[in-house]
Amino acid sequence: MSVQLDARPPVAAAPPVRPTRSYRLSRFDARWSPYLYIAPFFLLFAVFGAYPLAYTLWVSLHEWDLLGTEPTFVGAENYTRLLADPDFWHAVVNTLGIFVISTVPQLLAALWLANLLNRQLRARTGWRMAVLVPNVTSTAAVAIVFGVLFGREFGMVNWLLDLVGVDAIDWKANRVASWVAISTMVDWRWTGYNALIFLAAMQAIPRDLYESAAIDGASRARQFWSITVPLLRPTIIFAVIISTIGGLQLFTEPRLFHAGTNAIRGGPSRESQTVTMYMFENAFAPYYNFGYGSAVAWLLFALIAVVAVVNVLIIRRLGTDAGPRTGGRKGGRG
Amino acid sequence: MGATSRRRLAAVAFLTATTLLATTACGGNGDDAGDGTVTLTVDVFGQFGYDELYKEYMAANPGVKIVERGTGGNLDEYSPKLTQWLAAGKGAGDVVAIEEGLLVEYKANPGNFVNLLDHGAAELKGNFLDWKWNAGLTADGKQLIGLGTDVGGMAMCYRKDLFAKAGLPTERDAVSALWPTWQDYVRVGERFTAAKTGASFLDAATNTFNTIVLQTAGNSSGYHYYDTGDNLVVDTNPAVKQAWDTTMDIIDSGLSGKYGAWSEEWVSAFKQAKFATIACPAWMTGVIEGHAGPAAKGRWDIARVPGDGGNWGGSYLAVPKQSKHRDEAVKLATFLTSAKGQIGAFKAKGPLPSSPQALDDPAIAGATNAYFSDAPVGQIFAAGARSLKPVYMGPKNQAVRTEVENAVRTVELGQRSPEQGWTDAVTNAKKAAAK
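Same order as they appear, the protein sequences are chains A and B.
Reading the first sequence from the start, the letters are residues 0 to 333 in numbering that gives the first Met the number 0.
Reading the second sequence from the start, the letters are residues 0 to 434 in numbering that gives the first Met the number 0.
The hints are simulated quantities; they were obtained by calculation from the structure and are not laboratory data.
Please read these numbers as outputs of a predicted model, since none were measured by experiment.
C-beta: ideal position from N, C-alpha, C; glycine also.
Keep in mind that the hints are not guaranteed to be accurate.
[As the list claims (entries may be wrong)] With the Cβ distance kept under 8 Å, some of the chain B side facing chain A (calculated, not the full set):
hint, residue
1, Ser78
2, Tyr105
3, Ser262
4, Trp265
5, Thr409
6, Leu412
[Stated by the list, open to error] Covered by chain B, according to a simulated footprint, are these stretches of chain A (three or more residues, beta-carbon under 8 Å):
hint, segment
7, 143–154
8, 249–261
9, 264–277
Bound conformation, chain B alone (with noise of 0.2 Å):
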């Protein structure tokens, strides 16, 4: 008798100890194989086109070993796992890649991050754009959160099929002179959907909008939503009015296929050719390629985007302080935003280097993209990309952005009038940048 309780008792502390371990066990992600090898985690989203690099990277630094997460995933969900595993403190990768829209939030409070100027980055200036290395610095200037890999230099994609149907030139460099302004792109619009095709002119009116309101911006104040002393202006701003209008104009010619941007229709439409423009910054060439597919290899071409360039997107990469190899994280992300790190990522996924020597560099103004019907776009991104006009974003851009974006989208759905619209659209915005 006394054995069997003994031996019951002995079940139940075991069973208690066993959950009790179970339940705290967490952590110890076996980092250091402890044959003195280091795995360094990258973290990204999209596409940023590393594998050769890491290849590259790893012969030449025998005791490095490079994992990377997040690649294709999407922007909406990558953000906000970033964010939470900065919060606890624990998670995330050694270098880390951040939005442009994301970096303005983080930067108002650095102390996730390694400062690299701590690290000898000072002297990895002159690799960047100007404007892309300042963005990067926090507002005194004293750390610098993150080196820029690619700027998001701005273009028109269009169908020549859908064009030719049309009777519209199909040549890129007619296709530029046809819309060297936006009422001009209007008119073109009106003249594609007076030929019913079958598909409508441009996808999503949140798009266009997107790209002309940092065009505008780019090229007045500098500034959209937020003014540089941090205050909303998207009311009294003129640049956001005017791209609100000539967004109005878009909706109501009836050019838009309102497929709303990165939802399944929106591909389906690349697929089933459903729309014959899009406003394609320099990163969106891969997103085309993968969505419209290899059956429409040849069929899309680039021209000029009306309007005078502008800059949308754009990201940098970081090293948070809960890295446990500061040091080494420091150097890979040096490796990967060097002259040769952006050329590679370019090479294998499209982003535009934000490094003057790589735009300068052969490859890239050399390059061509036989997707795009061999379109230059080397020199049709990086021509832009030398003269762009940044546009400063404030403190909850993202936010502020979501609720002026919603805002067309309603009214492209014919929810809203484009008067009703704007109210909303500063009402809201309004309403999240205080939140």
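If we strip away everything but chain A, and leave its shape as in the complex, we get (with noise of 0.2 Å):
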């Protein structure tokens, strides 16, 4: 029985069309639709992404006056004129200094409270969610209520600070008070934010960790500096660069800080225009600069590749130097 079996030509098996046909389609079906699966974003970041950075980059390269017809090749005039332009490099170092003034305290307050949230507490998920409302907050109300508690006159602040016995700011028209006031407002809407995303990755930490640390007798600040911080390493990279991108991008808390007649430029002498506004400045009112500022777009677009890359340089540094003591168990997170 078995050797009649055996002994049955395998091609006589199947009718030989249904099966290549078949077998084509699936074959064809695992080589080529995860590529269709994945192309919507490719599509749309070809649309959304890839063509808009080319276009201004040809824009840039223009005198392209929003307002007239002909727009015509000057080449790199634009940037060659932007580099030397000294309201260009004011707006980067506001930029820069709002950066600073507000996503050092943000990333430090957001890994604090972290910290904090990862403990065990009375309705844990409610304080979890908690902290991320004033993230959904429009940006633009908060930029309102912001403006109005920072009047020089009739604002809150100024007035809490006569109670202490503190002068009057004028935190619109005074350069590094106008920064502060600005990152505030960053530091309350994106504190929470970041702080989720730290939790998140607190929690794939192994609990053995701590509690072999407990058993050794480390204390609870020395467990976070020594476990919880260089573990949370690629999270905190990940954050100081989104927020890297945002903050150096940032356009709105500091164009509606300044309401009133060119708010644009962010105070009379320019006290906090960052470039984005630099860049809306001279690409739409008043000037109607189309060339010019897709010039200052692209600087922008350098300027953010670079600090991203230095302040990665700089967070993995204070890994390795601070680097994990217990044990093999580099990179347990997965």
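Take the two lone chains, each set in its own frame, and fit them into one complex as the hints suggest.
Listed below in structure tokens is the structure:
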């Protein structure tokens, strides 16, 4: 019986047409459908990311009056003019200033907040959701409310300062003061968001590390600095890059902080004008110089790339210096 | 197995197709309902006061539906948006409002707009003050871009209650008599300040400067930042320097409350009665009423502006070439800027007509404003409007004006000395003009 079966020629097993077709289809499926699955992102990216990027570069090589009809090709002229433009560098300094005084305390506060939320709390989910509330409110509303709080004459902050005997500060016309005011807006909005990201990463750290550290007699603070922070390093790097991109593109907060005529300058002598505001001022009102504005956009892109790399290098340094000394479980976060 | 994979393939194809559709399916603004009705979009900023006129027009033209966008918005936000629409060739309304400062920039490249002369606008000329009509024409006189809506005849609005508190006269003729010149205005201001009412004499030096510079220029050379050959003359035009020096006097005497014009502080200062006077073109009366609120009704009044009258602001209606209903749009713009339309707008929100017929109309001549203690606004503003001399504006007027005003503001806030401020004004204006 078995002999008979074995003797059957394999070729005659099935009619030739159907298997081949379904075989081809399934091979096609296995090979190409993954590309189709990820295609939507790349299509969207090409339309909304790559194309505008390339088009902006093209525009930045032209003398392009938004109100005019015929743009003329000028090569790198916009860039050379921009590099010698003191107002541009003024805006770069403002942006970096606001970025530093908002991001550093923000990430530290987020780390601390995440550490607190990681403990045994009553109504834990409620607290965790609550820290995200500022992020849900509209930026415009936040900026307007803070703009009023930091008013020179009728603002609540100056009123409080007055109670403790400090003279009124002109938050909008003093360069550093305006940076501080804008930073508080950014912090208020983004600290909770970063805290939740840190919290998610913290929960992936194996409990046994803390248990053994506790047995070894490590204090809570010591556990935080020697276990939590080093193992959080990839997440911190992620948060830093995201904050760099967001921080250097800051627009809505400083723009709405200054209401009234030509608010886009961020104060009469550009006290808190960020690079994106400078870009808008040039590309649109009141200059309508589209080419020059596009050149600002491209230099901002370069600036973000540089700052992001510098930040990552710094953070990595910090990580290795205070590296984990807890056995061989490096990178246990998976 | 084959069925599953085919289904999966179909799903993938569907997903890709919908994504592509979603990314490409923009446009198609559904203008025409298909029943022959034409929808006309009108883009404005601030308060144009057209609501009643739309209703009347739609009743007379059953085939037309009018939608207005941007009411109450501020000019600084409106102008870039309009420019973007024009540059993109898409998005602008069928009828768009253009402020005089921006009109000069559009005039340099008139290709974005329908030439109203091609639509029989020439016969409307008599309906507008000569200079208002001429400013709507391109340099060669061959294209009419916009029809005038209003002019900004000047006055000085003041708070009677604060004047009384400071021991100054409160009756409008007596107040006008206090300040024939800006020097007198400063002296009155010093008296006011000495009385320590807790309020400043004026809102912001930039508003006052703007009034003075337009007035001084109108009464002398006829131009301020640019001469009529479009050369930047900020540093050499005596009218600009003279206005600057007068403003510095005002700042020096500590008369300004330093409330940045159009900021939230400025609005709060209105509500809390923190300043006593404000330079007041006709359209400003609506702004004051809006910000100071009903509680201050009857506390405000209107006096003559120091100096010799002048013009600040005023807009035009134009039809972008991208409009799909050019003929209907031109008809609507013509109606809105007719004498009747201008009177209707004045009654609703206060912009002063630019049509001589409208200015002569008893409805305007006899108009009073209850909010401003029944001041005869028709007389006060219209008298000036007939005789005022317009100021020529050059190609980068808006950008240059911004720089000069910011220089005034830095001096006002004590960040610069008047001399440094003037240097800033000149260098920054030159830079702006070159951009």
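Here is what the structure says about each hint:
no.: 1; hint: Ser78; verdict: holds (5 Å)
no.: 2; hint: Tyr105; verdict: holds (6 Å)
no.: 3; hint: Ser262; verdict: holds (3 Å)
no.: 4; hint: Trp265; verdict: holds (7 Å)
no.: 5; hint: Thr409; verdict: holds (5 Å)
no.: 6; hint: Leu412; verdict: holds (5 Å)
no.: 7; hint: 143–154; verdict: holds (count 7)
no.: 8; hint: 249–261; verdict: holds (count 5)
no.: 9; hint: 264–277; verdict: holds (count 3)
Every hint from the earlier list agrees with this structure, and none is contradicted.
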